[in-house]
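Enquirer: Since the structure of chain A is provided, determine the placement of chain B on it from the hints.
Those sequence lines, one after another, are chains A and B.
Here the first sequence is numbered in our numbering, starting from 397 and rising by one per residue.
Here the second sequence is numbered in our numbering, starting from 397 and rising by one per residue.
Worth flagging that the hints you see were computed from the coordinates, not collected in a lab.
We put the beta carbon where it would ideally sit given N, CA and C, even for glycine.
No false leads were slipped in.
Partial list, derived from the structure: chain A residues whose beta carbon lies under 7 Å from chain B: (1) E407; (2) G437; (3) F504; (4) P573; (5) R585; (6) P589; (7) E592; (8) Y599.
Cβ pair distances, simulated, as ranges: (9) A:R452 x B:R535: 55 to 61 Å; (10) A:E467 x B:S513: 39 to 45 Å; (11) A:F453 x B:Q430: 26 to 32 Å; (12) B:R505 x A:P549: 17 to 23 Å; (13) B:T520 x A:R463: 50 to 56 Å; (14) A:R463 x B:D528: 47 to 53 Å.
Okay, derived cross-link-like pairs now, BS3-like style, lysine-lysine, Cα gap no bigger than 27 Å in a straight line: (15) A:K435 x B:K435; (16) A:K601 x A:K435; (17) B:K435 x A:K566; (18) A:K445 x B:K601; (19) A:K540 x B:K601; (20) B:K540 x A:K601; (21) A:K533 x B:K601; (22) A:K533 x A:K566; (23) A:K435 x A:K445; (24) A:K540 x A:K566.
There are 2 protein chains.
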Amino acid sequence: MPIEIPEVVIERLPVYARALADLEAQGREVVSSQELGEKLGVTPAQIRKDLSYFGRFGKQGRGYNVRRLSEHLRHILGLDRTWDMVLIGVGPLGQAILHYGGFAPQGFRVVEAFDASPAVIGRTIGGIVVRDVRDLKQRLAERKVDIGIVAVPAAVAQEVIDTLVECGIKAILNYAPIAAQVPPGVHIRRVDPVLELQSMTYYLKSQDGAAK
Amino acid sequence: MPIEIPEVVIERLPVYARALADLEAQGREVVSSQELGEKLGVTPAQIRKDLSYFGRFGKQGRGYNVRRLSEHLRHILGLDRTWDMVLIGVGPLGQAILHYGGFAPQGFRVVEAFDASPAVIGRTIGGIVVRDVRDLKQRLAERKVDIGIVAVPAAVAQEVIDTLVECGIKAILNYAPIAAQVPPGVHIRRVDPVLELQSMTYYLKSQDGAAK
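This is chain A alone, in the form it adopts within the complex:
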């Protein structure tokens, strides 16, 4: 039985992995926790603590081997394989997700899509045939997928998430603007543009002030 690693540590690892991939692309061989910390804005102690859960990667005072740490993190995170996703909700947002070019290069692919509206059921969008959401349970019993993407209106998002959980889905990406509930053992992340906006208004506000 492996030791339990805090979820917040796991959440930071993809950011480390991306930074390391950038360094690797630049031809860098070694990086210190200090430099990685400055790049990412976390304390070197936090980085060392986060990575210590997975073994000993660096030698005191000599930094991390970029390629080895990068490969190891990608393996730990399961980024060295392909993941199949089911999309629920093929309205404007869902259609945008089916056309999104950012998933495939990173090993994520939508393989099933469902909606409740006769206007889209049966249509092929982004190469995927949209199915009736009433057939969701039966279809997922036949075909195993790894991740659910929820792109339905806020009012029905929790209900859809409950259904995905019943189908055995253990990882959900939620685009609906609600803080959804899932049982223990199921992981959920929210795509939250508002947090991104809120981290920029500080600067706009300062400029407004300066202009007065």
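Expert: Only chain B this time, still in chain A's reference frame:
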């Protein structure tokens, strides 16, 4: 002249502000940096250091006053007012953004939308009349907006971002899957569902392993 606060510190403040708003809604009056740290998965030292840029909020050993810190952070971040946004790209993703219910309750509103396609120019979507992107510069010269949202295909995203910068926009939310470049003084954030997915596959991978 105020001291320069690292951008990474500013990026963490909305997360603190949201956690404090949650605590406030639960009727909590005081919170320690330890508890806030555990809730958010950052070290208490990091929280104390981040907040120390903005003054002295807590008394040693007595924690932070939740309401006061919450209000102060909202004021610092400029979350106590409304921000006007211009949307570029009214394809499937842009239309979803115009219908997104998560912006308005947080004080963000799209007031202008532009596209290059005759199929959407002139249409009213989510209460906004879509204009010809060729009129973007002239329109933004007449009407000041605070934030630009980019929802165009990856291939033209950098060009659109450059145009927004020329128009004087200082904050950009980029939905296109590219790491765009902006000059100093312009802030950009990317809505990046891949990072969210990558923080969940660790668990799926572990389960796969356990099932073997």
